[in-house]
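Undergrad: In case you want the letters, here they are:
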Amino acid sequence: MDSSVTLDRVVMRFGDFTAIEPTSLEIRSGEFFSFLGPSGCGKTTLLNIISGFLTPSEGDVRIGDASMRGVAVNHRPTAMIFQNLALFPLMSVYQNIEFGLEVRGVDRTTRRRKADELLDLVALGGSGDKPVSALSGGQKQRVAIARALAVEPRVLLLDEPLSALDLKLRQHMRNELKAIQRKTGITFIYITHDQGEALAMSDRVAVMSAGRIQQVADPETLYHRPKTPFVATFVGENNRLPGRVVECHAGLAVLEVPGLGRLTGRCESELSPGQPAALFVRPEHLSPSSAEEETEAPRLEVRIETVSFEGAWRMLEARLVATGDTLRILAGQGEGSALQPGQTASFGYAPDKAIVMADDGSPMLDAETGEIQEAATRPDRESPHVSSA
Amino acid sequence: MFRQLKARFGAPVAMAIAGILGIWLILMVTLPQLQMIDYSLRPSLLPAEIGGPKDGWTLINYVTLFNNDIHLSIFFKTLWSSVLVTSLTLLVSYPLAYYLAKTATPGQAALCLLLLIIPFWINEILRTFSWFILLAFRGPLNEILLTLGLIERPIRFLNGDTGVLVGMVYAYILFMVFPLYNAIESLDGNQIRAARDLGAGSLRTHWRIVIPHAKPGIATGCIMTFMLAAGSYAVPALLGSPGSRWFTQIIYNWFFEGGDWNQGAAYAFLLLILCIGFMALVMRLFKVGLADIAK
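If you read the protein sequences in the order shown, they are chains Z and U. Counted the way my numbering counts, the first sequence spans residues 1 to 389. Counted the way my numbering counts, the second sequence spans residues 1001 to 1295.
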């Protein structure tokens, strides 16, 4: 059965506020698809539009070939797993799982057989008669999954269901969700602000910001070839060095960065000289370079501020000597151990590992505070619509 | 509790508080009740005979009710009508409480609650009188119905049960709405959404999710409304007389017109037993305990 989900120019407005800018997207049948974005980016709104809890201001949602316009929540072929799970506390595990079947008029024996099958699927066999309150966090999670699967949805919607679990359990449940998705072949649409979850589980991810989809791609592409500065900073960690384009040809761009001179990186799109742009280089792509090495390689002089030991690696927090901007560097066991706070050091990167992107005015993640910054409030760039106002 | 008071204020203050509370409960609540029980168990005698050979404990006053067909029928009619008032009030209050708790915006809810509460700033007798005016034979309600052509001649609302039912549902609606509102308000909205998402229509969602959650509130509201209705005097006296008599009116008559306090006390205790019986029944039906209701 075709369980694809198509968003056709969907727009959502609340009064004057536009929560979802015009969005078109096709989620393939049987795909594990994630919407990733910071809180307030509109991902939950989109999920509510697909489930039917919200009616879009414009546009249409299709599941398979059928338009969902005018189809109420209780008649859609979707099932939702809520962030707080929303298990029915006055009912037993069986009653919870059988609720959707009971609504559909399925007889008692069939209901019970189905519930037992599902309990086996989520590795909770034999717990059917327990009250929901007697279960642990992870077990509740499984009951919620079984309850949603019981109605045989074509699309399962998951609203950050793992956020309440502790780290170890969360990682375990990731694998389990992925396994259940493979076994059932249902289209999973997963909402999260945790990029680790999105990257680990999804076939494809849509990164969202301020009601707009920034990029839709598989996790590898998203990480290695981000399309916008927002994606570059939100997915994985990234260092951003702003400047102006000097030249760009054959897929390599040279950027004039104040205080640091000319830096080179890959460019995916056409950039014109003089255009404001930024170079993005990931912490793991920075490596110590000694003064004797060839001088063409870009070199960044920094003063180490903090070193945090994280087991397999060390994360160095450093400041560029020339500009005072923060640079984050991931050092492996060997190289990192010699570096101490207060020390100055020099780091380089391979130009094909760095990306130069035009400053598109989209918001991005501030590396220092971890907060999303609107373009207009960023100090390094004069926003055209602010200066003209 | 005494220990907590003592820890907080010291022994003298704690003893003073406990003492005042104790005197209040014993002198002003327990003793008068015991006195009434004593009254109800003694025959009505002339002052000269009190303490004489005829004075002694007897159940004669309680038996009176069962030998008087009119009083007995009014007793059961009071029971039945109070159940009806309670059910009607529940029927009217549930949608209102659900709207206030789950559907209304905070502004709408505040406005709605204000409109509900303002009339209750006026004395119950006056409010009942206003219904008296509204429901009168030549009153505004009959006028409107006549003008709309819905009826051909005015209806006598006030000579019978209709007026009493309308008046009581109105008089006690807040005692039903607030417990219901509190109970429904504490229900997680995602529960309702989850039920809808799993395919339940709105009737089933109410029946399986909202009502079971609101059970303690429904029980509290029903018990309060029933007690108030069964013990009501003003509404039946004003809106029902003489066609609809309430048991409270008979008790009143025994005390103040018959001058037979012993008989009146016995009738009053029978009404109390009725109320306690109803409360126990509701608690059993809804499977809630006293602790749930006290919440």
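No wet-lab data here; the hints were simulated from the structure. A portion of the hints provided could be inaccurate.
Claimed, not checked - Cβ pair distances, simulated, as ranges:
#1 Z/Ser-163 with U/Lys-1102: 51 to 61 Å
#2 U/Leu-1150 with Z/Asp-129: 33 to 43 Å
#3 U/Leu-1021 with Z/Asn-84: 39 to 49 Å
#4 Z/Ala-72 with U/Tyr-1099: 18 to 28 Å
#5 U/Lys-1102 with Z/Arg-69: 49 to 59 Å
#6 Z/Pro-131 with U/Tyr-1099: 22 to 32 Å
#7 Z/Asp-129 with U/Lys-1102: 27 to 37 Å
#8 U/Tyr-1099 with Z/Glu-26: 55 to 65 Å
#9 Z/Asp-2 with U/Val-1092: 27 to 37 Å
#10 U/Val-1092 with Z/Ser-163: 35 to 45 Å
Positions of the beta carbon are idealized from the N, C-alpha and C atoms, including for glycine.
Undergrad: Now tell me, hint by hint, if it's right for this structure.
TA: Now the hints, each set against the structure:
Between Z/Ser-163 and U/Lys-1102 the C-beta distance comes to about 25 Å, which lies outside the given range of 51 to 61 Å. Remark: the range hint 33 to 43 Å for U/Leu-1150 to Z/Asp-129 is contradicted by a beta-carbon distance near 56 Å. Between U/Leu-1021 and Z/Asn-84 the Cβ separation comes to about 43 Å, which falls inside the hinted range of 39 to 49 Å. With their beta carbons about 20 Å apart, Z/Ala-72 and U/Tyr-1099 fall inside the hinted range of 18 to 28 Å.
Taking 49 to 59 Å as the suggested C-beta distance range, the pair U/Lys-1102 and Z/Arg-69 does not conform, at roughly 26 Å. A C-beta distance of roughly 31 Å is found between Z/Pro-131 and U/Tyr-1099, which places it inside the suggested range of 22 to 32 Å. For the pair Z/Asp-129 and U/Lys-1102, the supplied restraint of 27 to 37 Å holds, since their beta-carbon distance comes to about 31 Å. Checked against the hint of 55 to 65 Å, the pair U/Tyr-1099 and Z/Glu-26 fails, with Cβ atoms roughly 40 Å apart.
Restraint check, Z/Asp-2 to U/Val-1092: a C-beta distance of roughly 48 Å breaks the suggested window 27 to 37 Å. Restraint check, U/Val-1092 to Z/Ser-163: a C-beta distance of roughly 41 Å satisfies the suggested window 35 to 45 Å.
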